[in-house]
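Start from the sequences and build out the full structure, keeping to the hints where you can.
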Amino acid sequence: MRKSGLYALLAAMILPILLASSAAAAQVWIVDILANPARYWNMTVTLVGQVQNVAANPAGTTRGTYTLLDESCPNPITVRTNELPPVGKSYSVTGIIIQDPAAAGAPLLKEVSRSSPGMASTTLYILIGAGAVFLILLVVFIVMLAKPKQKAAAQAETIRPRPQDTIRPAVPPAAYADPGKTTKIPSGPAPLPDKTQVFMSLGADIIVEKGPDKGNEFPLHKQVMTIGRPGARKNDIELGDDTVSKDQASIYYDNARKTFSIANESATNPTKVNGQQISGPTLIEHDAVIEMGRTVLRFKKT
Numbered sequence: 317m318r319k320s321g322l323y324a325l326l327a328a329m330i331l332p333i334l335l336a337s338s339a340a341a342a343q344v345w346i347v348d349i350l351a352n353p354a355r356y357w358n359m360t361v362t363l364v365g366q367v368q369n370v371a372a373n374p375a376g377t378t379r380g381t382y383t384l385l386d387e388s389c390p391n392p393i394t395v396r397t398n399e400l401p402p403v404g405k406s407y408s409v410t411g412i413i414i415q416d417p418a419a420a421g422a423p424l425l426k427e428v429s430r431s432s433p434g435m436a437s438t439t440l441y442i443l444i445g446a447g448a449v450f451l452i453l454l455v456v457f458i459v460m461l462a463k464p465k466q467k468a469a470a471q472a473e474t475i476r477p478r479p480q481d482t483i484r485p486a487v488p489p490a491a492y493a494d495p496g497k498t499t500k501i502p503s504g505p506a507p508l509p510d511k512t513q514v515f516m517s518l519g520a521d522i523i524v525e526k527g528p529d530k531g532n533e534f535p536l537h538k539q540v541m542t543i544g545r546p547g548a549r550k551n552d553i554e555l556g557d558d559t560v561s562k563d564q565a566s567i568y569y570d571n572a573r574k575t576f577s578i579a580n581e582s583a584t585n586p587t588k589v590n591g592q593q594i595s596g597p598t599l600i601e602h603d604a605v606i607e608m609g610r611t612v613l614r615f616k617k618t
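This note's numbering applies: residue 317 is where the sequence shown begins, and numbers increase by one.
Wrong hints could be hidden among the right ones.
[Stated by the list, open to error] For lysine-lysine, the following DSBU-like pairs were computed, each having C-alpha atoms within a straight-line distance of at most 35 Å: (1) K526 - K588; (2) K562 - K538; (3) K405 - K526.
[To be verified] The following label-pair restraints were derived from C-beta to C-beta distances: (4) Q368 - A462: 53 to 59 Å; (5) P402 - F450: 35 to 41 Å; (6) M359 - E399: 20 to 26 Å; (7) N352 - A372: 26 to 32 Å; (8) V449 - N358: 34 to 40 Å; (9) N369 - I442: 25 to 31 Å; (10) P597 - T618: 21 to 27 Å; (11) G445 - A372: 38 to 44 Å.
Simulated from the structure, these hints should not be mistaken for laboratory data. Glycine included, each C-beta is placed from N, C-alpha and C at the ideal position.
Structure, rendered in structure tokens:
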């Protein structure tokens, strides 16, 4: 809200209250006049009250006197007029305080004008008080609304880019490709791929001819190839036969002689080559049959 509009609104609200206050201030109470009439001699005052008794003087005319009673005391004041009002009606009467010729020292109001009072003085004071309270609340409300805006504007003016602020790199598409999954964004350069593993065939295979793994082929490509069930030792030739030990046997390659041998390593399950149970390293030739548990293996040179 602009300042000019705010001032206009406040002025529009304050002016009626000031006018009403000034009108109420001009009103005088009958009790004050009766208590100290000398103070009001020849003073123009306004009284608001109800007409009590009416007396025409001379009789048969509209001229005469009437008594006016307000809220300040039970005693009325006498009013001289050229137009007698009806009894019981309330008026706002403006006139001059003079001494009553019929009663020495008693005040009498010489009527100048008379109009409808509009509202009782008590009601007027209540409305004035309510208007003042409303005005105060309105001012407080406007001040409370204006303060956050000023604070926000001040903050907007004082914000400066900090030296440590840097442009952040764009998030790679992979970071938000699937909203249902949590994807970690690498903080550094991508790791280099592992070196290509060289597979070197030694020119021989182990073929499973009998047992749960029948049909599987295992190329021999290491100088030591371990055989057994899955377990603590990672076997190169892994068999699913539960009659084979986890550390059943190993096949060794002699690079100088280009020969293969097999050694039994199980304390409970024997290993046989061509029907003969072995213990230490035993040479195996092309087409040799190796038995362990219910599994039968065949050694083939390629």
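Exercise. Just tell me: holds or violated, for the beta carbon distance of V449 and N358 against 34 to 40 Å?
Key: Distance hint for V449, N358 holds at roughly 39 Å.
Quiz prompt | Range agreement (Cβ of F450 with Cβ of P402, hint 35 to 41 Å) | solution = Since P402 and F450 have Cβ atoms about 37 Å apart, the given range 35 to 41 Å holds.
Quiz item: Under the criterion that the straight-line Cα-Cα distance not exceed 35 Å, is the pair K526, K588 satisfied?
Solution: Holds, because 14 Å separates the two Cα atoms, which is no more than 35 Å.
Quiz prompt | Cβ separation of G445 and A372, checked against the hinted range 38 to 44 Å | solution = holds (42 Å)
Quiz item: Quick one: are M359 and E399 within 20 to 26 Å, going by C-beta?
Solution: Holds, at about 22 Å.
Practice problem: With 53 to 59 Å as the target window, see if Q368 and A462 comply at their CB atoms. | Solution: holds (55 Å)
Practice problem: Starting from the hint 21 to 27 Å, judge whether the C-beta atoms of P597 and T618 obey it. | Solution: holds (22 Å)
Quiz item: Hey, K405 versus K526, does the alpha-carbon distance stay inside 35 Å?
Solution: violated (129 Å)
Quiz item: Is it true that the C-beta distance of N369 to I442 lies inside 25 to 31 Å, as the hint says?
Solution: holds (30 Å)
Self-check item: Agreement of K562 and K538 with the hint, judged by alpha carbon distance not exceeding 35 Å
Solution: At roughly 19 Å apart (the allowed maximum being 35 Å), K538 and K562 satisfy the hint.
Exercise. With 26 to 32 Å as the target window, see if N352 and A372 comply at their CB atoms.
Key: The hinted range 26 to 32 Å holds for N352 and A372, with Cβ atoms some 31 Å apart.
In summary, the one numbered hint that this structure violates is 3.
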